[in-house]
Amino acid sequence: MKLSTFLQLDLPAMLAALFATLACALIGNFLVLRRQSLMGDAVSHAVLPGIVIAFLIWGSRATWPVFIGAAAAALTAVVLIELVRRYGRLDAGTAMAVVFSIMFAAGVVMMEQAAARNIDLDAECVLYGQLEDIIWLAPTTLASLLDPAVWEELPREVWTLFGAFVFTSVVVTLFWKELKLASFDPALASALGFPAGRIDLALMFVVGIVAVAAFEAVGSILVIAMFICPAASARLLTDRLSTQVAISLVLAAISAIAGYLLAAFGPMWFGHEHSLAASGMIAVVSGVILAVSVVAAPRYGLLARRFRPEAASAGTAAAVRE
Amino acid sequence: MQSAYRRAALRNLAMTAPICSATAAIGEAEVDPHRAIARFAIALALISAFTTLVFGFQAAAYAAGSISNPAAAETKLQAVATTGMIADIVRNVGGERVAVRQLMGEGVDPHLYKATRSDMAAILNADITFFNGLLLEGKMSDALERIGQAGHAVHAVSALLPRDQLLASDDAPGGHADPHVWMDPLAWAKAVAVVSDRLAERDPEGADDYRRNAERYEQKLRDLDRYAEAAIASVPEGRRVLVTAHDAFGYLGRRYGLEVIGIQGLSTESEAGLKRVEEIVHLIATRRIPAVFVESTIPDRSVRALIAGAAARGHAVKIGGELYSDAMGPPGSYEGTYIGMIDHNVTLIARALGGVVPDKGHGGKLAAIVAR
Chain E
1 MKLSTFLQLD
11 LPAMLAALFA
21 TLACALIGNF
31 LVLRRQSLMG
41 DAVSHAVLPG
51 IVIAFLIWGS
61 RATWPVFIGA
71 AAAALTAVVL
81 IELVRRYGRL
91 DAGTAMAVVF
101 SIMFAAGVVM
111 MEQAAARNID
121 LDAECVLYGQ
131 LEDIIWLAPT
141 TLASLLDPAV
151 WEELPREVWT
161 LFGAFVFTSV
171 VVTLFWKELK
181 LASFDPALAS
191 ALGFPAGRID
201 LALMFVVGIV
211 AVAAFEAVGS
221 ILVIAMFICP
231 AASARLLTDR
241 LSTQVAISLV
251 LAAISAIAGY
261 LLAAFGPMWF
271 GHEHSLAASG
281 MIAVVSGVIL
291 AVSVVAAPRY
301 GLLARRFRPE
311 AASAGTAAAV
321 RE
Chain R
1001 MQSAYRRAAL
1011 RNLAMTAPIC
1021 SATAAIGEAE
1031 VDPHRAIARF
1041 AIALALISAF
1051 TTLVFGFQAA
1061 AYAAGSISNP
1071 AAAETKLQAV
1081 ATTGMIADIV
1091 RNVGGERVAV
1101 RQLMGEGVDP
1111 HLYKATRSDM
1121 AAILNADITF
1131 FNGLLLEGKM
1141 SDALERIGQA
1151 GHAVHAVSAL
1161 LPRDQLLASD
1171 DAPGGHADPH
1181 VWMDPLAWAK
1191 AVAVVSDRLA
1201 ERDPEGADDY
1211 RRNAERYEQK
1221 LRDLDRYAEA
1231 AIASVPEGRR
1241 VLVTAHDAFG
1251 YLGRRYGLEV
1261 IGIQGLSTES
1271 EAGLKRVEEI
1281 VHLIATRRIP
1291 AVFVESTIPD
1301 RSVRALIAGA
1311 AARGHAVKIG
1321 GELYSDAMGP
1331 PGSYEGTYIG
1341 MIDHNVTLIA
1351 RALGGVVPDK
1361 GHGGKLAAIV
1371 AR
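Here the protein sequences line up with chains E and R, keeping their order.
At position 132 of the first sequence (counting the first as 1) the number is 132 in the working numbering, and the numbers step up by one without a gap.
Every position in the second sequence, counted from 1, becomes a number in the working numbering once 1000 is added.
Think of the hints as simulated: they come from the structure by calculation, not from any bench.
Please note that a few of the clues may not be correct.
In silico lysine to aspartate or glutamate, DMTMM-like type, Cα no more than 20 Å apart, as pairs [unchecked claim]:
id, chain 1, residue 1, chain 2, residue 2
1, R, K1114, E, E273
2, R, K1275, E, E112
3, R, K1365, R, D1197
4, E, K180, E, E82
5, R, K1076, R, D1225
6, R, K1076, R, E1205
7, E, K2, R, D1127
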């Protein structure tokens, strides 16, 4: 491997993976708290009708129409999920399951119509990208990284994900108090005069936007895993929300870098010639971190609960205080 | 006071790199009364960071090792080809002068293939890369085109085919052409010309060799074409219908006068609709088609549905055998070459539909065909 290969292939892919995992993990903290972890999966299915409609309107598979269609469908889905949850008197999991399966089914039916017109279209190929396709051909040496013209050619996917991460960070920072209150105790939030319903909806909008931006660049598996795993691991390690968010970001970054390196170079150490799929490996690493946390977390881990049962009950008291 | 600090820490973290967020987490955790949690979090972060570093060094060591690797010092032209059919051309035309790396192996569906990091690295570091084009390589097509535009020698072997010789796969405006051009040996000869021209351009010293090899290979393709023409012509006229899992055989059908019916569409992703299956069953039963075919890269479930459907109408149709559509046979075998693959397909189709063909095909090298 040459340095130029690292700069052209590995650097942009790692940056994309890093921003995608950070954005997803950050917003994922609130999904985990609210028992809506599978929102990412729901959105990944619900975008299908949006893609098909965009294709039928614009007649092309160019990036922007597809992206707009997918984003519109994602936002429709989150609004519908909120409506079903509120007026159908169903829990969040059921609402998600109802909406995404029906929207996905509608997408399949529409796609069969498109297929009758002999159009080659499938969501896998149109919307879901993968890390290995993110290449940055401009840099050749370390010195070239100082040239602004080289940065102008940084792949669009990396900029999109960077934007998604900054956007999420700004939203979470600005509405920290509201998000925290609405996630832990929506009834209290309403009593104190916070518009809990509107906060819910806003959060889901952010989730939809982050999910679509990330699908397009890094594929759906990574996004679904990153909404859940880092936040769930962090939840096992602390009772305090700010600490949980910080830990989840660190774990997400570690999964991204370690997962990418393992996928790209791991097989070579064992004498194999072919790399593995990077998004899959990143998701696996985040899963391993979660498994380690489940077993060995100091307060809520299986080992701790087995040997120090009193610790867990003290933790519950702490959670209530929070 | 403490919560103000916490907010500041979080604001920092939102803007900066993960290193900073690590310090934020640690700094905050220390003021947490639950020391054990803090220590565990730090330990987990440290272990993971350490693992990451080790991976990094390993990668660097691997990198350093492969630079001094004797393979890199090889004098052969390093070529990359996406599908086996293209690699076969490059092997035949390049001969001793070219080392070929083939990305997609036996039984791989190129429509769904996902490039790995080592594939992309091979393309970036190769002297020359050939791909099919016409969107056969799915998502990878974009990346290949971008690498080509950035000045690497990346060429589509379908480049020399005139537009009007391509079969349309879309009725919609802006639709793309059917990419399975290798199914017609004469059209594929144009791909041979692309490979020989581009290799000569990249390595002018070998230009004569490439031209000679290309001529010899094109002659073989013409022989193969004549054999295929005779083989299909031996099938009784009303039975020249090829029913397969997906529409990969359009060019073969056009060249030799076979009516081609694919259960699925062009892309291997879409599911066959019930109505479509019904129509095909009707056609098989009324025209007494003796055999339908399965493909090496696609599950045969929908083809089996046809057989069951035809049986229900009192017409016994059998599976004529497994055709190679998007990938060739096992490497090292005759079917693992382009000529062997087409020979296998044509011989199998002709025999199953009632034509008269030699037992071991055009080259006399076909393995015995195992009925499925």
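message = I'd like to know which numbered hints this structure contradicts. Please list them from smallest to largest.
response = 3, 5
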